[in-house]
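Visitor: Residue strings, one per chain:
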Amino acid sequence: MYKQLAEIFKQYEGEKGAVITVLQKVQEKLGYLSKEAISGVAKFFRMSESEIFGIASFYAQFRFTPRGKHAVKVCLGTACYVRGGEEIMKTAEKNLGIDRGGTTEDYKFSLERVACFGCCALAPVMLVDKNVHTKMNLSKVREVIKRYQGEK
Amino acid sequence: MVTLKIDGMKVTVRKLSTVLDAAKKLDIPIPTLCHHPELSPFGGCRLCIVEVQGMARPATACTTIAKEGMIVTTTSPYLEKLRKTILELLLSDHPNDCMVCERAGDCTLQELAYFYNIRENRFVGEKRPFIKKDENPFVERSMEKCILCGQCVRVCDEIQGVGAIDFAYKGFNTRVCASYEKDLNCEFCGQCVAVCPTGALTGKMWAHKGRQKDIEQVDTVCPYCGCGCNLTLHVRRNEIIRVSSKKDTINEGWLCMKGRFGYGFINSDERLTKPLIRTAPKKHSADSGQWTNPPNNPPTPPLAKGGEGGFERGGNGGVDSSLLTPHSSLFREVSWEEALNFVAKRLGEIKERYGADSIGGLSSARCTNEENYLFQKFMRAVIGTNNVDNCVRYCHSSTFAGLASVFGSGAMTNSVPEIENHDVIFVIGSNTTETHPIIGLKMKKAVKNGAELIIADPRRIELVRFAKIWLQHRPGTDVALLNSIMHVIVKEDLIDKKFIEERTEGFESFKQSLAEYTPEEGERITGVPKEDIIKVALLYGNAVRPGIYYTMGITQHSHGTENVYAIANLALMTGNLGRESTGVNPLRGQNNVQGATDMGCIPDFYPGYQKVNIPGIKQKFEMAWGVKLSDKVGLTATEIINAAFKGKLKASYIMGENPVLSDPDVNHTIKALGKLDFLVVQDIFMTETAELADVVLPAACFAEKDGTFTNTARRIQRVRKAVEPPGEAKEDSWIIMELANLFGYKMRYNYIGEVFHEAGKAWPAIAGITYGRIEKIGLQWPCPTLDHPGTLYLFKGGFPRGKAAFSTIRYRPSEELPDNEYPFLLSTGRQLFQYHTGSMTRKIDAINKVSPEAYIEIHPDDAKQLGVNDGDTVKVSSRRGSIDIKVLISERPLKGMTFIPFHFKEAAANVLTSSVLDPIARIPELKVCAVKIEPIHQI
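Residue numbers (the working numbering), protein chains in the order written: chain A, 1153 to 1304; chain B, 13 to 951.
FYI, nobody ran anything at the bench for these hints, they're computed from the structure. Source: prediction; values computed, not measured.
Lysine to any residue pairs mimicking SDA-like chemistry, simulated, CA-CA at most 25 Å apart:
hint: 1; chain 1: A; residue 1: 1181; chain 2: B; residue 2: 181
hint: 2; chain 1: B; residue 1: 144; chain 2: A; residue 2: 1210
hint: 3; chain 1: A; residue 1: 1168; chain 2: B; residue 2: 52
hint: 4; chain 1: B; residue 1: 145; chain 2: A; residue 2: 1210
Across the chosen pairs, the derived CB separations fall in these ranges:
hint: 5; chain 1: B; residue 1: 801; chain 2: A; residue 2: 1210; range: 48 to 54 Å
hint: 6; chain 1: A; residue 1: 1168; chain 2: B; residue 2: 65; range: 35 to 41 Å
hint: 7; chain 1: B; residue 1: 883; chain 2: A; residue 2: 1156; range: 21 to 27 Å
hint: 8; chain 1: A; residue 1: 1245; chain 2: B; residue 2: 185; range: 19 to 25 Å
hint: 9; chain 1: B; residue 1: 118; chain 2: A; residue 2: 1218; range: 40 to 46 Å
hint: 10; chain 1: B; residue 1: 279; chain 2: A; residue 2: 1217; range: 44 to 50 Å
hint: 11; chain 1: B; residue 1: 539; chain 2: A; residue 2: 1218; range: 39 to 45 Å
hint: 12; chain 1: B; residue 1: 87; chain 2: A; residue 2: 1210; range: 33 to 39 Å
hint: 13; chain 1: B; residue 1: 89; chain 2: A; residue 2: 1267; range: 41 to 47 Å
hint: 14; chain 1: B; residue 1: 194; chain 2: A; residue 2: 1156; range: 20 to 26 Å
Chain B stretches covered by chain A per the calculated footprint, using a threshold of three residues with CB under 8 Å from any CB of chain A:
hint: 15; segment: 163 to 177
hint: 16; segment: 187 to 197
Beta carbons: idealized from backbone N, C-alpha and C, even for Gly.
Isolated chain B (complex conformation) (with noise of 0.2 Å):
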């Protein structure tokens, strides 16, 4: 520590803090436009400027370490002058178009300008002529008013990791600009954007919307990944006109292009307004049942070439009319009373006919804890079924399955702060940057502070750029990959005796199952050079403060579950759990997953991971909500689906959820749900699913009602209304309290945190958590009472069920491999610019622009085989279906392997995946299924 004096005042400061931090300690103000404290000190601007006792000039307070017994002055007039003279040199170049600047108002260079009262210019001369070229979608640049502080610079590469621009020229021509000069084609993050002190960068899609007067600013929580970013709504007339995120946060104010872009969905016309009663007949055309290339216009005619509607080929299934009609053909409008009547009639009457259990419940990992806990008590008290399920189902049963038998609670162990005190991040199977960018960013600040990075994936995902070693198994060979690390780990000796005697169970029959996954025999079967098998063996046994970070690469698998126990395994020898950034995290795919489950959005649990079928539990659930419950596990959303297609499920509630795209073989789905009595979906848009619906009941959006969202890392942080519900849409809350009063079960809330309330009275380690403890930042669960801060980590001192088991795994290989017939292997997932099935992403123009179709990822090598080009269609089949699809050479994934987002319906990869279930979690194998690829040759 050092003592030094700011104008006149001591303050102590930590050593290599500079004095700029120091005066922040005091809250003296000292004017910067080109430091940052997230960024590297970089002292261009000098308007930090200050006097320090023994130095003949003044010095920059962002670039000068505090030393003991400095004397620094702050302010004087000739300090002051010297600012002064710097300022108007910055706007003697500068167009001082405030009037109609977006950034007028939040722009800390008007702000300067004002306080030191800059109204002539006794510098005007020459100006820097810019020519526009921007036309990417997101990022307005109007470099004129840039004052080159290099923050955007620094942003891109120390942040963001992209490098997308840099400074070129010199000189009077220095400007800031991507290679070239050319137009950006990065990530649209747009941390650039929230950094630029001035006009210089904005956002393509906040302009001439409003600036400052008249706007309210609403703080809530992402709608799209489970890194649980907070995002601070600009609202004008019931208008989200522009996003933004504070400093103070989780995310530190740093977003991605979805967070920071992706608003436009809430504005959409699309949106639903009115209850939709279906008029038309249900066509089970969907036996004749080919899912074909899309229905209504793509969202945007996706780089139609030749014009010519790109999407209607000939060949590969004809157009299915029903889902080509638009959809006021289809239903008709009517009231809420009508809709919500008819509704509570419908399925009275299949209860009454069929039984609680022919009715089956999906409920949506977009909406808020609250939603989801009225929904599973609708399902379970109203209904009377333990059929109700999640999208976890899709994602992350088998981390449920697997983590919950051994540690005793399937969450992510640490939180997201923790990532960047790491030693080492093995992340396995998790396109991190792509699908949680700001968890991405934790672990590229992690490998700047000293992290090793090891990366396995089959694909040459961005992280491998950051990391100290690739292993490029085989997709589906997880289990021998890690068996064969943890073989070296044990003939290494470094596995935590001490920890495995006092905290695990079976040791001993689990090591001698390891003896046959040599290096050797892991190098055959994963093809990963065993070398490399040793190197990573080493550097995670060797790790202090090691993290496993893992996603659906690890899960959706036919042996998904395995997969996580082999996981859990190598954690467990090494003792790498229950410390602080030490653990295995599951990241989660959807904002609020992790909610949904805890909510008791699942077949075998009530709120809180308490069993439906232990009887003192469900007597304390009968106690609490007044009825007789039903002892028996519901089905999964998988077996959802199965159980419609053979008919023995008569009715399903679908809330936010969209099975028909994001299921595995979307034929199978369609025919499922065309079979159904009465289907009911409630969502914020005409989905694929909603368009095969009986009645459709329009929702609210996140940005349309109070609540909770539990982040990947258990965070309960709040969501906040900003605008009203378009139309006639209603929250999810209303939607199903009103139902359950139809069928005379009183629901009834005065405000949504009453249920949250309720929730937490059912689990105890939410108890502790209340709106007024979440007003400015999430707590963490477990959370048992008021005065209990959160859970940063868990498993400190121990599992909750006793001693964590290790499990024999044996590699076994996935399902369908290829062969001759489709010999082929392909692998889906998401990509950063679009999410999910796209429902929302794909109603946003700019963000179809930059990602504007479906592709498929070939390797150079096959490309070359299959003679097919850059830009080709295709057509890919597999067992279950096909589709016409464009190529785009990668060297991503492996030679023989192939990569299809599946967020495009046109080209929907689930109509390829196989529905094969993971045994015990009923999780789909999505990640590996065989297909064949044939060149389509146009005419």
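Excised from the complex, chain A in its bound form (with noise of 0.2 Å):
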């Protein structure tokens, strides 16, 4: 994993305050932050994994599972949350057997939330990946979900 991430590691050598701009280089190179990868990045920096692992876990970027195929979001912003947005991701949830934050066994989908996609008389916003549906309804969310699901 050291030498996966190398490449990474050699643009901050002896920069000790870089490490949430390195730990966002190996989540856009890995998708995630394994184990693996915490390890390496507290190796780099000679710090504790504890300390890596705190650093990460407090801000809402990095995540620590690997993310699905698909990433689902679902605008929770102040416009599309009085338009229906809960409703829309809680059958989000449903179709896809998952909660907010989680992703599908078979990592085909990552279901998130986010405040606000800046098109907010389109409310209720729905994207995946960077295909934007607007002006949701529950049908909608549910046909625009097994469409991705049948794909192969």
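Dock chain to chain to rebuild the complex, using the hints, since each chain is given by itself in its own frame.
Guide: In structure tokens:
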């Protein structure tokens, strides 16, 4: 694992303050922060694993489990929320069989909540990967998810 | 200094002191939960808030620096209201299960809730759920009781230097955990448990054994390594239920895993409780003699994969049946009267028939000074021989032979508290953090204070993480390494000419001898890059307060004494002796190996290093003891075994030693002991040695008697009786006295302190020490008079022997180096969790859980070449024998080198080791021998 990340580490040799940046790069590369990755980062900075984990777990941006192939994001920002975002989320949860923040067992989907995509006029909004699905209702949610589930 | 006013009282404190420090000086109580004097200020609990005139809001006393003229108020209705609110908030998320909490009565949070009378909570709400998933056998974590004071996080990082835990997540979900919320997998020192102010962290093994009621606390000294940590035993109904340590002790309340959790052996069911006399005929089966994979079940079946008796392996030696039988079929239980009469009769007969010198005694570094004094007195005055030795032979006889002849004393020159003030620490051949954990902590603290740490060790030991330079020299090349360092020191003119002139002799010829040890030559022999040799020479040569620390890596060689001489030369030429935090420090491996040696349990010296073959001294002791004494220097421990093997020694009295496992070449030792006409073993357990005995006498352990231990830094400290011995087990001192009396030699003391007093009369260096003076804190010898404060460091102003002599030492290779047939170098040693032959630590389930079995450390490259994987079983053989053992692939040893800890009887490292002796000190070469490794292909 250390070798796999060596390229990232190389750029930050001697920079003690770069823990978060390095963690971001590692996550970018691996999709999440694995135990081995945390241990590699700890070794690089000569810090303890628990300290690196402490830093990483403080921030919402870091994930400790692998993400699914498709990232489903439901907006629960103010505009979406008042237009029933919570119901959209619940439907997504039910159809994917996971809670928000989770990943399906087959690693096909991850479900996250986000706060505002900046297209409040089209609320409620749901994203699958980079595709924005707007003015959602419950049946549209089911339909979109089914479409992705059906793909091979 | 700054002066400030707290609650109307003036106080002057040092600059950069905190308001909390100042209040403490005035004895004004300020409540705290996250503060610990040895840890960095945290300011997290906010309970220590005070009002400072001129500051708009209350400030935390623990993080506010005292300033000149400050006016501070520590209590007011406003502050109390805030404090109460803080407590209510803390308690809003607390289970409040004090009824069943292990810490009730000893919990800061509970105390504060009581003082602030918090009954109902205004803030009751959501609680953090925690799922306990601790499998580790030591630390119980009930994190729902955690108040996030962070003391455990800081102690683990700042004191222990491990960082096993930290804060994770944020806000309401913040918790203290290991990375990924894994179970703890650390050194299990329990420092976190010691500092936790609530019931969040407790010891697993003390659960439901008793809290505060009916608990008696007894202060004593740890029975494990030579650090001499002060322990407080918590006793309930004649059982030790917990161990703690006080903050105002030499170890500042810090302990290692063995000290804190390693007390289970005291209450073990396996303790010897009755005297035993052998009924089964002695099988000289040892002659057929292979030490084999062990006898009776090992303490815990270690991770036996597949469930099939992992130890009954074919091929590598059949199990010796005499060792397999439970001891009830070998011995019968007898009364003390019968046992002692039998011992006296047999020893008497043998003395009569073969002479006193046909009997040899091995004393114990685990026993007290008083018992060691009596033991050697018994051997010398009652039996009439100087054949008495202790395990110092196997660890530091070369130190003694080396340092005593150069300086006039072979003890540590400095004391433990001085360690933190070194500016350079040179550790050579000592895995300090595992073998002397609390001294290891001091070294880490010194590094934190800015000291440069130099490590010379063939293995990547834990201290390497803290080191400025690590010299990974080949095992056994210490002389070449040290000589080339000294070569550079001479070349760079970093020698202390005044010191050499005034206090040493023989420098010039010694200097010549260094000429050939250029850094290049050093690199060739040791494998250490010459640049590093030069760097170390400059570091040590320029240091103001350097300390050298070494242990078995230096001493346990066939040239161990020469290694020690080389170290002495290094300190002498740089004048680094006789000052505070400056000196040469051999760390002693056992709790009282210093004391056993001081007390004369060595064949050439009476108590206090007074030679047995100097007529005047002999006369003095003849007067004191009222009998004629022998002036013949006795046999050393290693020679006792050899003499037994040759049939010259007929009987042996072994107190608290287990030479079968601790001596090199187990098969040889078993054969030797099997040849004795009579063997008495006095121990707390049926050790491998006791199994060979004719009579086994059950002894009391450290917690069951009064006396003193002398730690590695010459500090004599009180050992106190906390519980009664099991069954009919007796104190060693009682046994020796009874035996002496049966021989018609009067040994009567009203209480054990009288023995110490008698030793003091024989040896002036401890004449000023009385039990009264060391009631609370021990004293370091020399302490010749009752008003003498003890000696912090040695050789201030001169050496006892006058001028110290340089010794010309040339590098010579170890006796048995790898060759084609035995291509690997084997080194043996200790590991953190176990202790010596395991007769104590392996009785403790919790310890066996984290350290279940023996292993051989093999470098990854070698493992690849051998085609073995982690956890595979291999057969390791030397010219002396072979064992089957699990592989641990590790980057700790050098390529071509292997390491086996010697604690495990089922894969006894000493089956393999060579019994080649150092010609001067007679110490065996346990650190270097040649072995071959063969994979065992399991069917």
